[in-house]
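Asks: Read off the chains here:
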Amino acid sequence: MAETIKPDQVHRALEDICDAIEAHKEYLSELDGAIGDGDHGVNMAKCFREVKKKLADTEATDIEAPFKAVGMVVLNSVGGAMGALYGTFFLRLAKEAAGLKEASLSDLVRMFQAAEKGILEIGKAKPGDKTLLDTLVPAVRALEHAEKEGKKLNEAFSIFEQAAEKGMESTREMIAKMGRASRLGERTIGHQDAGATSCYLILSAMARRLYE
Amino acid sequence: MKKFINDPYDVVDEMLEGFLDVHKDYVRKLDTARVLVRRDAPVREKVGIVSGGGSGHKPAFIGFIGEGILDAVAVGEIFTSPPPLACLEAAKAVDSGKGVLFLLGNYAGDVMNFQMASDMAKAEGIEVAQAISTDDVGSMPREESSKRRGVVGSFLGWKVAGAKAAAGGTLEECKKAVEKVNGNTRTLGVALSPCTVPAKGSPTFTLAEDEMEYAVGHHGEPGTAKIKMMSADAITERMTGEIIDDLPFKKGDEVAVLINGLGGTPHLELYICYRRVRRILKEIGIDVGLSYVGEFFTGLEMAGFSVTLMRLDDELKGLLKAPADTPYYKIQRGG
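Chains as they are written, first to last, in the numbering used here: chain Y, 1133 to 1344; chain X, 3 to 337.
Only chain Y is shown next, with the shape it has when bound in the complex:
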């Protein structure tokens, strides 16, 4: 029997995301302020406070339910590009998890692939554009690779987290191609992208709950 994660683990992982965003809201705004409009931390915090309230009323009956509840709140609370992108992220995770009472590593690989695809479709950015994709895409690739190599679930998510972190850090050397920062061109080099950073906070909070 392969190892799996259970709905209550997902629920706790999602709560961890809320705490991670709240704890880093000033840092996110600071990063965003350097090349964007500086409100990323505030908007993310506002959004994930709503998520936390929603999670308190959501029963983790299966894998889909908590992801779906979070996705709907993220999509429709604060708005902005981040609302659309992260809302899509969680809703695609939910959709791919439909009917699952527990999730194996291969289920999780499929779920993250679907989430990645959703963000690529809605955001129209590519890896290398200095966006959250530069965190997400290498993390999903690493997860796929770990599964192929027959890693255990906790090892796979440890590798996933490391790839996400490296991806986030790689945005420092990139030129922004999307959003308001793109109008600054080369002036964006040297600054880590705020969206890539919030994406890392989300992925790492989930990963830690899954590999601990």
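Since the hints were made in silico from the structure, they are not lab data.
Among these hints, one or two may not hold up.
Residues from chain Y that keep clear of chain X, each with C-beta distances beyond 12 Å, as calculated [stated by the list, open to error]:
#1 A1192
#2 T1193
#3 S1238
#4 P1259
#5 P1270
#6 E1279
#7 K1280
Straight-line C-alpha distance at most 20 Å; calculated SDA-like pairs for lysine to any residue [said to hold, decoys possible]:
#8 Y:K1256 to X:Q132
#9 Y:K1309 to X:K149
#10 Y:K1178 to X:D12
#11 Y:K1256 to X:E146
#12 Y:K1184 to Y:A1152
#13 Y:K1178 to X:G203
#14 X:K228 to Y:G1165
#15 Y:K1256 to X:D121
Each residue gets a CB set at the ideal place from its N, CA and C atoms; glycine is no exception.
Given chain Y, work out where chain X should sit, using these hints.
Replies: Chain X in isolation, oriented as in the chain Y frame:
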């Protein structure tokens, strides 16, 4: 940060509470989402005209809800796109069966959220089209004009769409009319001081006492250059010249001129700049068919102004002159 606010998280809701009371003869708020609609929405047998975007641009967007302009506005946080559910509820509230036109500026968040709302509305059987404004010459070079920001030229698009819809235009005709506006409209802005987003608390850029921000965005996005202060005539000439060359506007064209205050510049100065634009156009032989001076689309308290030129034809001129009755813009019948 010095502002007359309470909790920075509450500014939009507190503003709406005041606005809705003052303008209750024109607008009401939906229960389902943060959306303001015309009191009498949906208007029967009319295409619904919906816009939406971040707050902080008064009188845009909500000041132009009413007869002849917008039917509904999805209201976002300060400088933040509204979520898809709000855009969808706006569409549902104004649809009379003739379809709904979404009008938005070219910003990543607005484009994504309205796209998702379009998909949802279509899934619910509402016919939806959208038009995206890209009038800001300062935001991208001409070769990449489709990536430009939409700024105050959006107001002219709303007016034209609203008038076309009021005249019985189909969804496709309304969309075509707005696209014609966008294709013929160019704007350029300059700022003397930045704005401060309440939730951030610090200014969007810094300027020395003798500098201005050239080609600034209406969210306080830094422009293409910090330039030395110059006279009203000199800066107006530089901006107008760049706009004329971009389209290009030519001798014999008839245009609408719009001088828009960005929030912290007195009308006195706007009229001085308008006067110079008028003279430049006269020297070239461009006719001014319509003129607008005032605040239409601001960026909080930013001091600055923008120049907009829109090339007119009979259709567009007629639609701009058509009656309108909204809190911030009124044209009487036969006016």
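Asks: The structure should be examined with respect to each hint, and the outcome stated for every one.
Replies: Status of the hints after comparison with the structure:
no.: 1; hint: A1192; result: holds, 24 Å
no.: 2; hint: T1193; result: holds, 24 Å
no.: 3; hint: S1238; result: holds, 29 Å
no.: 4; hint: P1259; result: holds, 17 Å
no.: 5; hint: P1270; result: holds, 22 Å
no.: 6; hint: E1279; result: holds, 30 Å
no.: 7; hint: K1280; result: holds, 33 Å
no.: 8; hint: Y:K1256 to X:Q132; result: holds, 18 Å
no.: 9; hint: Y:K1309 to X:K149; result: holds, 11 Å
no.: 10; hint: Y:K1178 to X:D12; result: holds, 11 Å
no.: 11; hint: Y:K1256 to X:E146; result: holds, 17 Å
no.: 12; hint: Y:K1184 to Y:A1152; result: holds, 12 Å
no.: 13; hint: Y:K1178 to X:G203; result: holds, 16 Å
no.: 14; hint: X:K228 to Y:G1165; result: holds, 19 Å
no.: 15; hint: Y:K1256 to X:D121; result: holds, 16 Å
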